[in-house]
Amino acid sequence: MGKKRTYDDDDDGGAEVEDDLEDDDAAAGLEDSEGGSDGEGPSKRKRRRGSSFIDEAAEEDDEEDDEDDKQKRKGRSVFIDDIADVDDEDEEEEVEEDAEDLIDDRDVEIPDAAAAPLNYRRITREEDNAREEDILRRIEERYRDYAGEDIPDTADTGVVGQQGLLPTPNDPKLWLVTCKVGHEREAVVQLLQKSYTLAERGTPLRILSAVALDHLPGFIYVEAAKESHVMDAIRGLRTVYVGKGAKLVPLNEMVDAVTVNRKAKDDMARDTWVRIRGGLYKDDLARVVDVDPVAGRATIKLLHRLDFAALANRTEEQRKKNPFGRAPTVRPMPKVFNPEEARVAGLLVQRLPAQDGMPSYQVLSHTFVGGYLLRRVGIKTLIVLDTLPGLEDVARFNAGATTGDDDAPATDLSSLMATLPTDGTSANKGTFMKGDKVRIIKGDLENLMAHVTGLTADGTKVTAIPEIKGFSEEVEFEPDELTKIFSVGQRVRVLAGQYAGDTGMVVRVEEALCYVISDTSREEIKVFARDLTESEMVASGIEMLGEYQLHDLVQINQSTAGVLVRIEKDAARVLTCNGTPDQPDVRLYRLTDIQRKITYKQKPVTQDQAGNQVREKDFVMIPSGRMKGRGGSVVYIWRGTLFLHCKDVAENGGYVAVRSFATRMRGAAGGGVTGGSLNSARASAILGGTPGSIRSTPGSVGPSPGGTTYGSSGFSRYTPASPRPDDPSSSGGFTGGGIGADGKFQMSLPQRGGSYGGGRGGYGGGQQGGGGGSGSYSGRSYQAQAHSQYVGKVVRVVKGPYNGYRGRVKQQTDTHVQLELDAVAGRPVTVPMEYVTLGEAPRSGTAAAAAASGYRAGPGYGPSAARGSADGRWGSDGHPPQTPAHPGMQTPAHYSMTPSHPSMTPAHAPYTPAHAPYTPAHHTSGENDGYWGDGGSRHQPMTAPTPGYGGTAPTPQQQAMTPALTPQGFTPQEAMHAPTPAGPHQLHHGVAGTPNLAPTPGLARTPYLAAPTPGVDAAPTPGGAPFDASGYTPGTHAATGTPGLSAHTPGMPTAYTPAFTPSGHIYTPGTPGGLDVGTPAVLGILEDFGTWGGILVQTPDGRSCVVRSAQPDGTLSLQPGTFSQDAGFAPDAGAALETHDARLLTVVRPSKRDKVKVIKAETQDVLGVTGTLIGIDNADGIVKCEVSNDMKILDMTFLAKMVA
Amino acid sequence: MEQFADVPAHNESNRDPSDFALTNKNLVCCYVCRLVKSRNQFRESGCDNCKNLFGPSISSEDYTTPNFSGMISIMDPKASWACKWLHLGRYVPGCYAMAVNDEVPDDLQDILENKGIKVRHG
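For the record, the sequence lines run as chains A and B.
So in the UniProt record's numbering, spot 104 of the first sequence is number 104, and the numbers just go up one at a time.
So in the UniProt record's numbering, spot 28 of the second sequence is number 28, and the numbers just go up one at a time.
Bound conformation, chain A alone:
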């Protein structure tokens, strides 16, 4: 009662309320006199005047007369239409009366209203007289008679029946209406109220229903034939956003709209396994003890992760301040509760009355029952497991069950089994397969063996032939009467559980538990026999989880990454970076917990204990701990954590996560020299390496001043190069093996072995010394610097609209820098690189200065300087290159310029050297990736083993070099030529210098292949062989040049001197050397006219042509035509192909959505690729490659418009 008063929409609520009141009052006035004791009275009494209940009463009269009952029976609804048939006796009238309540009145005439009160009175009287049991008995008698007939529409209609109910176009439509979030139910209730109210007024709403779904916050569905009906209905409702209108639900979505996903609903019940969604107990397994659906809370039991000592130590003050304590920084392991532990920690342990026979305790606010912590938590914080938890989990969890007063073993199999559902509902059904060998565990045939022959038709029973002599009949069994039997050595497949899909061999059988050596992980897994079946198949195992593959490096969160070491159903075990080899941290993550797969554009580098650079594929040893003496190859590097793959480790698929500082590079010299500080070691290494050559100077300088001088830093990079030549021989001659100063070489060294390894150490040392002894420089800074050399620096804008402004570099691309101007707060501006100068940078050996000088001098320097200053920050965990997409392209370009000039001066180097850079650039190929990979994408191009160079690269280079050097007047050519197969080291030596120069011969920009350089073509000498191509190349180019030069320096003192000076410009003079070094970076751009086919060009006289064929030397055959953006390219009819030189033509730059071809690139793999330009970002184009579908960000100048 009073229902109509309750919900009214705001608009017309007032008026209606009045109406309602009148109604009710009137009704009450009319009927209350009939006596309030009438049980049904209230509900019937307050209907509208002259309406339903009166009808019913009248109808009853009719029925008593038995008139018309057939007809009525049909019309009557729901539970009871056959009452009249049975209903002969007067005493049962009240039953009928009850029934009448449900009658729908489709075909009822409106009877005399006055009859109603009488009728009621009579019934009431009868009821009063009857005793309750009597009534009940009669009711039951009554209903028993026609049980099953016309019962509420609850019977299963089955799939077919339901199909017949699918919406048709003639059905009313559903409309989606937006409402206030959290007020969905209220909205539908209001709609019902409004509909009642308005129906009473005679202007009924024409909506048919309104649906609020719990899983659809903020929306309700309204069913109506027309949108206007919906709008009429929702108008004025305060919970509904009327203004948003109603959206029609398409016919095919109607079913979904009104279907409650049974899965989605809360089927949490006692003993349900759940996981905890977050907090201290995140992902922990728990079991529901009790559910309070009304309060939305559940009581769960789980293994606690409390740190009693910490709890006890909290002061009263802390407790007040933060009653719940702060989340511990280290997550304690889950433990079985032991009252002693808490007592020892000084906490008061109160014993509570036992629950379920388990001792229970109270510690502070925590309640423990039988080893478990009891918590009352919100249902929403729990995730109901839709499958059984894995055996491991259960076993761990069950440890808690045993610490009652009895001394049961920690993991009792029977208790374990007991915790798993045995009803076979989902777990057992269908897991018996034909051929399974089973033992009968129940019934008459108990303990007999049998062979399963199949399942019965309904799938609920298993047919099997018991192994009785002379008996070959199939017998039906309930699944729980059988248990599968496996014998040791049998090959099996796992059907369910976390290892589902895996195969393996049974190695041990314990009751219902089988120990299986998995084919995929080679580990022993424990599986319930019921989950196994015999299978000869060998599974490759599950190796994919979503997009992730087994052994991928994935990011879990900001500070955690790990390797997928096992993939289970819907989840993966991840060996994270947080563990140590002694205590690997392996966690289970679901697909959604994994953020992404980590890939590097540039290979990361980090340092080992001795400061040696560690890269992927390197072999490192673990010098301490449980894994002492073992080692593995580096598979991944992530922020100073190495993920090693160790062949002799079985757990976690052989993967071990270890901090790089806790490893030692195998074969590295670090150990020997390192006696003292790393720096000194390095310094000595450098010194050792340097003897006799100018480069020694830089090296020595670096360390001695404590590495502070900038010059030294600049050099550090150089140094490497120079020593390198020595280093082959150096193994003996040079001290400490630090020799390997050449960075490049070091890279290749690992493969070669010990002596080279030393070189690596040296290299690192050199750099660090230069850098001022910064702690951890990692190779990665190489790249990073290339692109981030400006980042964070204060620069001054010297040209353009922002001329005169000063600002800090936020980001940097090849061509532009993004500045945060000091004078213009909050809005970064983008300025071409040429417009800025490193203005106020302090000079003294600081990074900035170094960077500055580096920049000017050439790329090589830049990076090195930066690196020096990096203090390790740029190292392993340092800033990833800001603009990875552009590996140094632009910068190099700048650099290249610089060197060229200087080169002229000091060395008198031929003009060519300047160009030289280009040549190599073309040749660069992906090959050297491994080598430079992490360090210098930028350098890569240079060093990259061009096809021409091939494996033998060294040799050609040598030759090439020779010419180059010669012009410069270098005498020591013997060294250069030294490269004989017999003397690999020497070869290196000489070669080392050469490579840099090599380009020179190549002459200018012509593609390498075309380049007439004798050196190159001649290249393929076996002499090169000793070094593997990739290893060699890199070394060659960057470092190489330098050494050669420096070596010669003595002869040309003037030229060199400047080079070594700490000043930023130093390099310039050094250019000849610098060239080599810098060049690589510069050269980063590959160009091949051979890729020009199909692109649109303009001839010098302004005609548009399409390149029909292209030669690498730049000879193009063009088809003239006209081009317009709309119509595309139309060849001129009859025009003959023309031949042009590519260099004279202008490439037509593509615009957005054009088909493009990459005609220049910094890596070989991109060159010549076609794709679609899907966006332009300043000077860069975003290209979607055609074949690979990759997205590439390329400089617009690399792209040419293609014509179909």
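Read the hints as simulated data drawn from the structure, not as lab findings.
Check the hints yourself; a few may be wrong.
[What the hints assert, rightly or not] 20 Å max Cα-Cα, derived PhoX-like pairs, lysine-lysine:
id	chain 1	residue 1	chain 2	residue 2
1	A	LYS601	A	LYS628
2	B	LYS25	A	LYS226
3	A	LYS437	A	LYS461
4	B	LYS118	A	LYS180
5	A	LYS380	B	LYS25
6	B	LYS84	B	LYS118
7	A	LYS799	A	LYS810
8	A	LYS226	A	LYS244
9	A	LYS617	A	LYS647
10	A	LYS282	A	LYS180
11	A	LYS226	B	LYS84
12	A	LYS617	A	LYS597
[Unchecked claim] Derived Cβ-Cβ restraints for the label pairs, each shown as a range:
id	chain 1	residue 1	chain 2	residue 2	range
13	A	ASP134	B	ARG15	35 to 43 Å
14	B	ASN114	A	GLU341	53 to 61 Å
15	A	LEU216	B	LYS78	23 to 31 Å
16	A	GLY182	B	ARG15	17 to 25 Å
17	B	ASP106	A	ARG376	21 to 29 Å
If you're wondering where the values come from, they're calculated on a predicted model, not measured in any experiment.
Backbone N, C-alpha and C fix where the C-beta goes; we use that ideal spot for every residue, glycine too.
Starting from the known structure of chain A, fit chain B onto it as the hints suggest.
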């Protein structure tokens, strides 16, 4: 609509009748027909569809549960497609649960079985 169920309301006279939060807490639904009303309403008037199924000895608490999900207000059970789909077409207008999340209690199950009624849970 000669017959219809009450609009769910908490029926606590001393409280604001439009306080839906309060109502919502008190909403329960009938196991058999999924009608949703407040506990008070069930207590007072029983289930509009099933009350004659349950004799006076069965209290409303025995055949209702608060553990349901989704709600549908039905204004016109016969014309509505949603009602047809949800098999609510033969009940009186009112508020119904889209699904009942509880198992039918044993006692009630016995009674219903005696009457040959199977309960569907949406």
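Legend entry - Hint check against the structure, violated hint numbers in rising order: 1, 2, 4, 10
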